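Engineer: Based on these hints, arrange chains U, H and V on the given structure of chain Z.
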Amino acid sequence: MSEHIVQKKTYFAIFLTLMVLTVTTVWVATIDLGPFNIVAALVIAACKATLVLLIFMHVRYSPRIIALCIFAGILWLALLIGLTLTDYLSRSWIASPPGL
Amino acid sequence: MTIPVRREQPLPDRSAGLAHHFDDLEQQHAAGSLGMWLFLVTEILFFGGLFAAYAIYRWQYPAAFAVASHEADLVMGTINTIVLIGSSLTMALAVHYAQLGNRKAVVAFLILTMVLGVAFLGIKGAEYHHKYLDNHFPGPDFVFPGPYAQQAELFFIFYFIMTGLHALHMVIGIGLLSTVAVLAWRGCYSSEHFAPVELAGLYWHFVDVVWIFLFPLLYLIDRHK
Amino acid sequence: MWSELPLFPEQASSVAGRVDLLYFFLVAVAGIFSVLIFSLVFFFAIRYRRRPGNMAAARIHGSTVLEVLWTVIPLGLTMVMFGWGSLLFLRNARTPPGSFEIYVVAKQWMWKIQHPEGLREINELHVPTGMPVRLVMTSEDVIHSFYVPAFRVKQDVLPGRYTSMWFQPTRAGKYHLFCAEYCGNQHSAMGGWVYVMEPAEYEKWLSGGSTGESMATTGQGLFERLGCSSCHRSEGGGRGPSLEGLLGKKVQLDSGQAVVADESYIRESILNPRAKIVGGYQPLMPTFQGQVSEEQLLQLVAYLKSLKKAERSTTQ
Amino acid sequence: MDNTMESESKIPEKRVDYLNVDHSLKSWLLTTDHKRIALLYLISITLFFFIGGIFAVMIRLELLTPSGNLVQAETYNRLFTMHGMMMIFFFLIPSIPAVLGNFLVPVMIGARDLAFPRLNLLSWYIFIIGGALAISAAVSGGVDTGWTFYTPYSSTYSNSHVIVMGLGIFIAGFSSILTGLNFMVTIHTMRAPGLTWFRLPLFIWAHYATSIIQILGTPVLAITIALVALERAFHVGIFDPALGGDPLLFQHLFWFYSHPAVYIMILPSLGVVSELIACFTRKRIFGYKVVAYSSIAIAVLGFLVWGHHMFVSGMSTYASLVFSILSFLVAVPSAIKVFNWTATLYKGSIVYDTPILYAFGFIGLFTMGGLTGLFLATLAIDVHVTDTYFVVAHFHYIMVGGALMGYLGGIHYWWPKITGRLYPEGWSKLAALLVFVGFNLTFFPQFILGYMGMPRRYYHYPPEFQALNVLSSAGASVLGVGYLIPVIYLLWSIKYGPAAGPNPFNAKGLEWQTQSPPITQNFETTPVVTEEAYDYSGEEGATVARS
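Residue numbers (the numbering used here), protein chains in the order written: chain Z, 1 to 100; chain U, 1001 to 1225; chain H, 2001 to 2316; chain V, 3001 to 3547.
Next up, chain Z with everything else stripped away, as it sits in the complex:
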């Protein structure tokens, strides 16, 4: 099998980065950023997940089709949430009847 062998120190470096990001996300949550709290939390989580995917799960060294699969999964999740939100976000847009 033509498997790429990742060096051990890479794994440890990734682990340390993940720890730092975990501490960061807890710390950021204690600061009032208004609506950006959720953005920060999700961006940090996405970074962590990307590191796990690329290195721990070897996506970086795998065929492109694997990355495409993951991308499809995330895209479909985004479609599910996004299109459902089109309903919820715009429910109040229609003006109340003028008769009120």
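DSSO-like, lysine-lysine: derived pairs with alpha carbons at most 27 Å apart:
no., chain 1, residue 1, chain 2, residue 2
1, U, 1104, Z, 9
2, H, 2112, H, 2204
3, H, 2276, H, 2249
4, U, 1225, U, 1131
5, H, 2112, H, 2174
6, H, 2250, H, 2276
7, Z, 8, U, 1104
8, V, 3429, V, 3495
9, H, 2276, U, 1225
Simulated from the structure, these hints should not be mistaken for lab results. Just so it is clear, the structure is predicted and the values come from calculations on it, not from any experiment.
Structural biologist: Positioned in the frame of chain Z, the structure of chains U, H and V alone reads:
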């Protein structure tokens, strides 16, 4: 009628670990890995339904979700995050040694991974126990002081379903790893054939990734208030 | 039973004709395409059947021109359908000014209808011609759907919130009312009749059956009996905000959001008062869940609406 | 069938094939041979089809008269619910993929089996467990929520076996996921040498597209049904307005899968029809690449249109506009396919065997089903016709007129390959005709009923709708006969049918290059592909064709 030109190909040799319908180990490995990834994609969408429902309700009731989230145990949650990421590291190392064909190291790191997994579940159980004592278990006995009782219950429904489903995946993962560990101990794998270790690892890392998102969504809403 | 085989329901509302016109357009497009495809298939199937002299097919792999053509033409046609259908839909989504309101509460398996004048009906709805009627609807249990085929209107009726629809009857008569969303055992029995009457006759019908007390008056009684008026004083200064002229206005909440105080907002504020607190007030109000029925909630809404009208007439 | 090869005129001596290699029951129940698993599926889904069919018969009998007099309203509600659930989840969704796909995907790409043979067997067992739960729910009194499970009726108010049924569908869903996963991996990694993506039969493209939906959509249905069951079992309110939940959220999550599920049913059928048309016109499908891509386009766009089930549900007006325009977009690739098939007929050399009759029927019914879909995507029309018989007629045109016609056409086309036997042509042509006529007689009146305003799921109805309902029930009886005849002659053919030989239709494609029935390993040697799909240019008489 013409029959297309065919090159006669003999059936391939059957080497160890190669199933009858594959041509070679490389093809078998590609199939196994793609299959596992596709399965993980279905898992994304399986949790995805919950994430979508969570997103809608959190968007509708931001204040209630923030207040209810403060009831989640931040210390235990953070420790669990560290434990789980640690188990991902040991899992990655187990796969690493499998690639090198180091049988003992593979088994050792698999066991370490399972120990961390069990630790995670233990802490989770303690959290559930506290929630139960606080009457934060959704249903007729649910109690939540303050103005947001109704919608806080909604938050806790998601808290328990999402973390519960995640914990169920952990249990399945530990079962997988123990099987793989036994087989590894018996010497079923080599540096040529270690796909089961790798695939179990993919599953384990995926469970970790789910937690990476659950943690901020359930424990870290507006902690500054 | 075979004596007549009608193909279209009657047109009894201002939108029915427009909907039918669009329907005819779609039927025409669908018909043309069906006939085109069917006759081509028939013609080719016979013309190119296997027979001596036609024992082998021609080698044709495709044609970019044709592919583009039969992508663009259907796309264009569907966009026309989308545009036409959406314009009509948007037009029907906005209630015209000057419509009067009737309140509908659905439950398994009946339609309970309250007129603002206080009259109540079950499974029957009397409306006059020539006036837009707006229905404010809610359900006590599961999802129902208010459907009058002759008006070409339908709207689901949901528990826990208000939905509304409007129509302007144009022709006097008796029309089917159906529940169109499956709601349990007697779903198919959950229907009745809509009686459309000439305005004069409608007035006669109204005065004939009136209980004497309008919904707003009943609502006012409730407002006082439940003790709402002790905090929500009309002149302001109470522990709760004044509700005078509230409906339809934007309200600033203490969370910083602003919401329009529509019927659903009033309903939520009575049943779950602390979900949306008006800026500058304390979350003191107790919930009235279980103490007021859906019908009484609508009476309270009607009362609050009447406050607005009163205010308008004084300022004018 | 006159284009038979010389070898099959005499009965060949007994050869080993996947059917006679081992006769023990164990060899069937523990088989990992995709062809045997396909047959296990064929038997099970046929059973479910006739169970669902019995419910349909009862429904049509009840609707003969306007007043309810055959069964109670309560029973009627269970009848249409069980009809829908059995037909959709246990017949239509597995139909073509699990039977024809299972049998043909590996053979068509020159592989010895699917990528995960044991997983394939597991998915059959999962399906059977789900099906057993569904049947037990039906036997113990049934479910009365409608196949759509709308909350809060399903979660709070219904007094029927919602949880058992939900569990059955949840479990059967995983069978569908695993089948899709197996196909996708197989198509990606196990194609024969020389079989590039654009040499694949369109049947394979269609199954690839179907797998996309099975993998990405089904999990969402699973979790949604699970949430309903949880809500019902523990009296918590996820979709319950009393707790601030929103019943519309259930509808969003449900239709996110259940609209694309329609494409799980129809896409494989589109693939079958492409094969049939290519073989019996002796031509390559017109615009092969466009047809291949349109399958993928349908699979992807199909996920963006679920909101058109919710135009009157209380969903936001603007979301309705978004879903309306997206729904129109998905109509375009479907239209492209129909045009390309029609163009394939042009200057073909059309052979009238039974399968092509089903393909012609399919084109007609699918065209009408698709065109009436445009009515439902048009907002202002949908407000009037949604939840009426118009919708019932439309989706039966797609799912029965489309998916089932394709399935029957495919069964007839590959039956000689599957069993090694030919069926009687006269009877099969008669059955095809009966199905087509009976179907139209049953469902066309329902379009008119729908526009007249007759709501669906009605146990009794105003008398003015009776004439059309009687017409519909009469058609259903013809349709029923049309479905029964094939069962008889196909079973007959297994024992008494003449031997088919490897390629009775002189068709192209790898599945016709191995013996009928194939050996367990499908091919003696791995085939190597050197030509395009449907290359009929070497046909006898090609040289004397018009220039």
